[in-house]
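Number of protein chains: 2
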Amino acid sequence: MTDISVTCLQRLPIYLNYLKTLDGDGFISSGAIARALGMGEVLVRKDLAYTAAQGKSRVGYKKSELISALEDFLGCNNKENAVLIGAGGIGSALLAYGGFKNYGIELAAAFDSDDKKVGTEISGKPVFSMSQLKEKIKELGASLAVICVPASVAQTVADELCTCGVKAILNFAPVLLRVKDGVTVRNIDVAANLAILSSISVHKN
Amino acid sequence: MTDISVTCLQRLPIYLNYLKTLDGDGFISSGAIARALGMGEVLVRKDLAYTAAQGKSRVGYKKSELISALEDFLGCNNKENAVLIGAGGIGSALLAYGGFKNYGIELAAAFDSDDKKVGTEISGKPVFSMSQLKEKIKELGASLAVICVPASVAQTVADELCTCGVKAILNFAPVLLRVKDGVTVRNIDVAANLAILSSISVHKN
Numbered sequence: 132m133t134d135i136s137v138t139c140l141q142r143l144p145i146y147l148n149y150l151k152t153l154d155g156d157g158f159i160s161s162g163a164i165a166r167a168l169g170m171g172e173v174l175v176r177k178d179l180a181y182t183a184a185q186g187k188s189r190v191g192y193k194k195s196e197l198i199s200a201l202e203d204f205l206g207c208n209n210k211e212n213a214v215l216i217g218a219g220g221i222g223s224a225l226l227a228y229g230g231f232k233n234y235g236i237e238l239a240a241a242f243d244s245d246d247k248k249v250g251t252e253i254s255g256k257p258v259f260s261m262s263q264l265k266e267k268i269k270e271l272g273a274s275l276a277v278i279c280v281p282a283s284v285a286q287t288v289a290d291e292l293c294t295c296g297v298k299a300i301l302n303f304a305p306v307l308l309r310v311k312d313g314v315t316v317r318n319i320d321v322a323a324n325l326a327i328l329s330s331i332s333v334h335k336n
Numbered sequence: 132m133t134d135i136s137v138t139c140l141q142r143l144p145i146y147l148n149y150l151k152t153l154d155g156d157g158f159i160s161s162g163a164i165a166r167a168l169g170m171g172e173v174l175v176r177k178d179l180a181y182t183a184a185q186g187k188s189r190v191g192y193k194k195s196e197l198i199s200a201l202e203d204f205l206g207c208n209n210k211e212n213a214v215l216i217g218a219g220g221i222g223s224a225l226l227a228y229g230g231f232k233n234y235g236i237e238l239a240a241a242f243d244s245d246d247k248k249v250g251t252e253i254s255g256k257p258v259f260s261m262s263q264l265k266e267k268i269k270e271l272g273a274s275l276a277v278i279c280v281p282a283s284v285a286q287t288v289a290d291e292l293c294t295c296g297v298k299a300i301l302n303f304a305p306v307l308l309r310v311k312d313g314v315t316v317r318n319i320d321v322a323a324n325l326a327i328l329s330s331i332s333v334h335k336n
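Chains A and B are the protein sequences, given in the same order. First residue of the first sequence: 132, per this note's numbering; consecutive thereafter. First residue of the second sequence: 132, per this note's numbering; consecutive thereafter.
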């Protein structure tokens, strides 16, 4: 289990989302999944082997069992608290977004440096001051954090999160964060993603 | 130029963002960039070789020239129009976001199926009805689109965008979109990203 690659982990939600779109509860083979998603069959079979799902030769996986196995593997059936730092435009949109629940993640609280926001609720989630970060993260047992602050303060926030014992950070600020060993960071630089797309159409055609 | 990989394209904005944080305009070597970002020197040197920047042996690149070369390569100095479909929470946050301009991209218009939003402006960007999609995309010469609609209608929207001649789609809906050849899609499934992070801390430690 311990040698699963990040790229494989990235594909598991794709299989899960696809399986959920299918009606009924028949059997589905890794080949059928691969064809539907335009992926290689060997790759799909190897990826699914990381889960506890047991495929039967010739028929494949029972759909409901494969969904459960993927959900177990991705932690959808655990409940895990996450906190969000920076309740601005993107931050507020994420607080309103219901999709985290599908993966067993609860955005339980937000933190902001704006006194006008502190003490209020955004989409039912309390907004705390930055000085309450450590206390609240401990209280919630949160090991995940989402950074939506401006680029200029993102590293400072990441440093604080590391001292609070956060294990994984999803970073929307357009900077490369340095974190200590044992903390994982994923970057979502929306503007850079759009620029890359634009460059792909220029440089790859 | 035509064989540049997507993973290399993803790294170019990271170099660009890092260089912009540096004061002054001295020379910087690929080795110094690599060390600062915790990346391999050979990789950095190869990546930068895709741009028109000319490094000098022993001293490296003049910072301002390397920034210009990266910006040129990423199309930051072109102006390219993009449209956004689905002016809900994430969509509205993106319309308010100023960071696209750094890459020469202008989110010029939004489209929504909600009659209450059509005809209004969000962060100064006009919201049009879905029936105006083809006409407005042509008018704007937009080749990029951002999909922020619910998962259930994302494929239909992607199909429409393809018939409108859009060349690249940034997709925030948690579904795998099928598009015709010549159209590039990048997926940003925020909830899945957080779930993957969570799984990394469980399965890789």
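A portion of the hints provided could be inaccurate.
Which copy? The list can't say, so a pair holds if one copy fits it or any two copies do.
[Unchecked claim] In silico DSS-like cross-links for lysine-lysine, where the CA-CA straight-line distance does not exceed 30 angstroms:
1) Lys247 x Lys232
2) Lys193 x Lys269
3) Lys194 x Lys311
4) Lys187 x Lys269
5) Lys311 x Lys247
6) Lys269 x Lys194
7) Lys248 x Lys269
8) Lys193 x Lys256
9) Lys232 x Lys248
10) Lys265 x Lys247
11) Lys269 x Lys298
Bear in mind the hints are in silico, worked out from the structure with no lab data behind them.
Hint check results:
1. With identical chains, the CA atoms of Lys247 and Lys232 are at most 30 angstroms apart both within one copy (28 angstroms) and between copies (29 angstroms).
2. In this assembly of identical chains, Lys193 and Lys269 lie within 30 angstroms of each other by CA distance neither inside one copy nor across copies; the values are 40 angstroms within and 46 angstroms between.
3. In this homomeric assembly, Lys194 and Lys311 come within 30 angstroms of each other (Cα to Cα) only across copies, at 28 angstroms, whereas the closest approach inside a single copy is 40 angstroms.
4. Taking the shortest Cα distances, Lys187 and Lys269 never come within 30 angstroms of each other, neither inside one copy (45 angstroms) nor across copies (51 angstroms).
5. In the homo-oligomer, the alpha carbons of Lys311 and Lys247 never lie at most 30 angstroms apart, since the shortest distance is 32 angstroms inside one protomer and 48 angstroms across protomers.
6. Taking the shortest alpha-carbon separations for Lys269 and Lys194, neither the intra-copy value of 38 angstroms nor the inter-copy value of 43 angstroms comes in at or below 30 angstroms.
7. For the identical chains of this complex, Lys248 and Lys269 are intra-copy neighbours only, at 22 angstroms inside a copy versus 41 angstroms across copies, given an alpha-carbon limit of 30 angstroms.
8. Taking CA atoms no more than 30 angstroms apart as the test, Lys193 paired with Lys256 passes in neither setting, with 38 angstroms inside one copy and 48 angstroms between copies.
9. For the identical chains of this complex, Lys232 and Lys248 are neighbours both inside a copy (24 angstroms) and across copies (28 angstroms), given an alpha-carbon limit of 30 angstroms.
10. Proximity of Lys265 and Lys247 under a CA criterion of 30 angstroms is satisfied intra-copy only: 21 angstroms inside one chain copy versus 42 angstroms between copies.
11. For the identical chains of this complex, Lys269 and Lys298 are intra-copy neighbours only, at 13 angstroms inside a copy versus 46 angstroms across copies, given an alpha-carbon limit of 30 angstroms.
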